Amino acid sequence: MKTLQGVGASPGLAYGPVFLYQQEGLSFTPFQVADPPAEWSRMEAALKIATTQLSAIYEKALEETSEAQAAIFEAHQQMLDDPDLIDGIRTSILDEKNNAEKALMDTTEKYAQTLETLADEYFRARAADIRDVARRTLRILLGKQQVDLTLRHPAIVVARDLTPSDTVQFDKTKLLGFCTAEGGAYSHTAILAKALALPAVVAADDAVLTIARGDCIILNGRSGEIIVNPDQSTLKKFELQQNAEKDWAAVELSAANQPAITKDGQQVEVVANVGNLADTENAIQFGAEGIGLLRTEFLFLNRQKAPSEDEQYVAYKAIFDLMGARPVVIRTLDVGGDKELPYIDLGHEENPFLGWRAIRMCLDNPKFFKTQLRAILRAAVGHKIHIMYPMIAAVSEVKKARVLLNEARDEIKTAGLPLGETIQVGIMVEIPAAAVMADKFIGEVDFFSIGTNDLTQYTMAVERTNKKVGHLSNALDPAVLRLIARVIEEGHKGGVWVGMCGELAGEPKAIPVLLGLGLDEFSMAPALVPHAKAIIRASSMSECKEIARAVLDMATYAEVEAFLAKTIRPVSSIGDELK
Amino acid sequence: MPEIILTIRNKVGLHARPASLFVREATKFKSTITAIHGEAQANAKSILNVLTLGANQGTKLIVRAEGEDAEAALQALTVLNDSNYGEAE
Chain A
9 MKTLQGVGAS PGLAYGPVFL YQQEGLSFTP FQVADPPAEW SRMEAALKIA TTQLSAIYEK
69 ALEETSEAQA AIFEAHQQML DDPDLIDGIR TSILDEKNNA EKALMDTTEK YAQTLETLAD
129 EYFRARAADI RDVARRTLRI LLGKQQVDLT LRHPAIVVAR DLTPSDTVQF DKTKLLGFCT
189 AEGGAYSHTA ILAKALALPA VVAADDAVLT IARGDCIILN GRSGEIIVNP DQSTLKKFEL
249 QQNAEKDWAA VELSAANQPA ITKDGQQVEV VANVGNLADT ENAIQFGAEG IGLLRTEFLF
309 LNRQKAPSED EQYVAYKAIF DLMGARPVVI RTLDVGGDKE LPYIDLGHEE NPFLGWRAIR
369 MCLDNPKFFK TQLRAILRAA VGHKIHIMYP MIAAVSEVKK ARVLLNEARD EIKTAGLPLG
429 ETIQVGIMVE IPAAAVMADK FIGEVDFFSI GTNDLTQYTM AVERTNKKVG HLSNALDPAV
489 LRLIARVIEE GHKGGVWVGM CGELAGEPKA IPVLLGLGLD EFSMAPALVP HAKAIIRASS
549 MSECKEIARA VLDMATYAEV EAFLAKTIRP VSSIGDELK
Chain B
19 MPEIILTIRN KVGLHARPAS LFVREATKFK STITAIHGEA QANAKSILNV LTLGANQGTK
79 LIVRAEGEDA EAALQALTVL NDSNYGEAE
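Read top to bottom, the protein sequences are chains A and B.
First residue of the first sequence: 9, per this note's numbering; consecutive thereafter.
First residue of the second sequence: 19, per this note's numbering; consecutive thereafter.
Calculated from the structure, these hints are not laboratory results.
As the structure is a computational prediction, the values presented were derived from the model and not from experiment.
All the given hints hold, so there is nothing to weed out.
Result set (SDA-like, lysine to any residue): computed pairs, CA atoms no more than 25 Å apart in a straight line:
hint: 1; chain 1: B; residue 1: Lys29; chain 2: A; residue 2: Asn284
hint: 2; chain 1: B; residue 1: Lys46; chain 2: A; residue 2: Ala78
hint: 3; chain 1: A; residue 1: Lys118; chain 2: B; residue 2: Thr52
Partial list, derived from the structure: chain B residues whose beta carbon lies under 7 Å from chain A:
hint: 4; residue: Val30
hint: 5; residue: His33
hint: 6; residue: Arg35
hint: 7; residue: Ser38
hint: 8; residue: Asn61
hint: 9; residue: Lys63
hint: 10; residue: Ser64
hint: 11; residue: Ile65
hint: 12; residue: Leu66
hint: 13; residue: Asn67
hint: 14; residue: Leu69
hint: 15; residue: Gly72
hint: 16; residue: Asn74
hint: 17; residue: Gly76
Using N, Cα and C, we set each Cβ at its ideal position, and we do this for glycine too.
Modelling step: build the complete structure from the supplied sequences, incorporating the hints.
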């Protein structure tokens with residue numbers, strides 16, 4: 009029995025044999041060939057075999073899944089048959105005397121890179137397809153066998169990392185969970201696992217790749233723990249825990265519609281982050297008391313023209329109507345830099361995360377911005393709607409937005425249309441400047457909502473997805489916690505309520521800290537609501553205040569982490585250690 | 019050289035299956051067929067080139083054909099586009 013540690017990326021427990029998926033290393037040496045025509049024949053033969061393989065996969069996919077799922081492999085075949093691609097490869101071999109491997113990889117990579125520059129994510133995703141096809145052909149040129157992805161029995165898939173097309177090929181009825189050596193909590197594997205409600209552990213390091221085929225492991229998607237070949241007593245504990253977890257999830261869900269009140273009587277609001285109507289339905293199912301963050305990007309991306317006022321009005325009203333009397337915090341458009349809109353020239357920026365985005369872009373396009381504000385104001389009739397501006401760095405920006413909001417109101421009145429009158433206005437606190445200056449926003453806003461993902465990124469100067477600096481990116485770093493504490497303190501002094509819509513608000517170990525700091529509203533992914541409420545009900549404010557005071561005085565994230573691990577008792581048996 | 023303008027109406031644009039069908043239709047003809055979206059030009063018989071046009075919903079695509087069956091090719095591509103590539107809206 010051996011225990012390994014990774015990062016829990018999708019909660020749940022699984023026990024079963026390992027399916028070790030190793031994407032073989034396909035390296036080759038580029039060289040000049042002596043006989044280009046012979047090399048070209050070798051290339052043509054490999055292309056023919058790849059096409060045959062793909063047609064077999066297409067048939068299999070058609071049989072096992074749907075025509076829509078299978079179509080991707082038809083497109084792969086068409087790529088291999090592409091006259092321009094073939095021409096490119098032929099020229100590279102016959103004229104430039106490159107070996108087939110180099111000719112293939114250079115030519116396909118050019119297309120992949122062009123596709124990656126496109127604005128539309130559907131098109132960008134095709135880069136992975138051409139690379140997939142290239143790898144398949146390269147494998148044939150190198151005479152290597154294709155890795156078999158068939159799960160013959162239920163298994164936990166262990167891999168270095170998984171691409172979207174890898175994961176889609178596994179038989180979902182036999183898949184028990186995922187465990188990867190690389191990847192982060194936001195990797196494709198994590199997202200897919202959550203969608204399938206399967207446990208996943210990521211960033212477990214190379215040690216997991218040494219697990220032998222046929223070994224059995226316990227996977228704890230919450231704690232990130234992996235136990236290889238557990239003994240009888242551990243296995244027994246696991247079974248008890250798995251049953252308990254199922255029971256607990258059911259208990260938590262059944263209590264999800266009850267309010268979240270601490271043992272000593274403090275009630276806080278638990279609400280959800282949503283990005284469309286389907287999410288909103290989920291939020292209600294999971295007992296969210298409102299919406300703490302409605303992202304409006306869904307209406308603006310992947311289209312040629314900006315949505316009209318009426319189109320936005322209809323979309324917002326559908327969500328507001330579903331929520332009824334429950335409060336909804338709607339965030340104005342948060343795009344720029346890294347996300348392109350064909351109808352607004354965002355220009356190329358060296359550093360989009362520090363560039364012309366969100367409220368900055370909206371304030372410079374008053375006509376465009378007011379269209380959204382009018383749609384929100386009109387849809388707000390009869391509902392409790394709060395407008396939130398993203399990426400606020402300075403008080404002057406809120407003042408400018410207020411002028412535009414008032415103009416939008418007047419325009420609706422002039423048009424003789426009804427509009428929601430009692431609307432709160434707040435800002436997302438995600439730039440350290442806004443947190444530091446929180447007291448100066450009093451009088452300008454009705455609420456603060458702390459966005460911990462960006463606040464952490466901007467405070468620590470780390471890009472979340474950059475592996476080399478990722479260890480510095482922790483929302484529970486004392487530096488970030490001090491800013492959060494400041495925002496809450498200044499907000500309360502000025503009579504402004506304070507919420508949080510970043511990942512941290514739904515994180516079990518962070519909830520007692522945030523309660524202790526005095527947070528009024530916790531907003532999170534809908535599925536996290538029941539467990540968060542259970543944690544709040546099991547907490548007491550007096551203890552939480554002690555915890556908060558202690559962590560604010562710590563010097564490093566490591567200290568905070570160690571302290572929370574030993575201080576906070578997991579609610580229910582879910583977080584129990586399996587030792 | 020005859021040319022037409024096609025408005026791409028289907029939801030995901032000239033991508034996946036629609037792109038596949040577009041290229042397959044173009045390949046049936048001897049003429050050289052070029053599709054143009056903004057500054058990007060593509061050989062209509064090359065799936066990779068057609069994809070790199072990034073022709074999403076609402077795109078107005080200029081299609082030019084040169085050769086003995088140019089008119090017939092453009093006619094066939096118009097019919098295909100009008101059928102919305104066999105997809106519902």
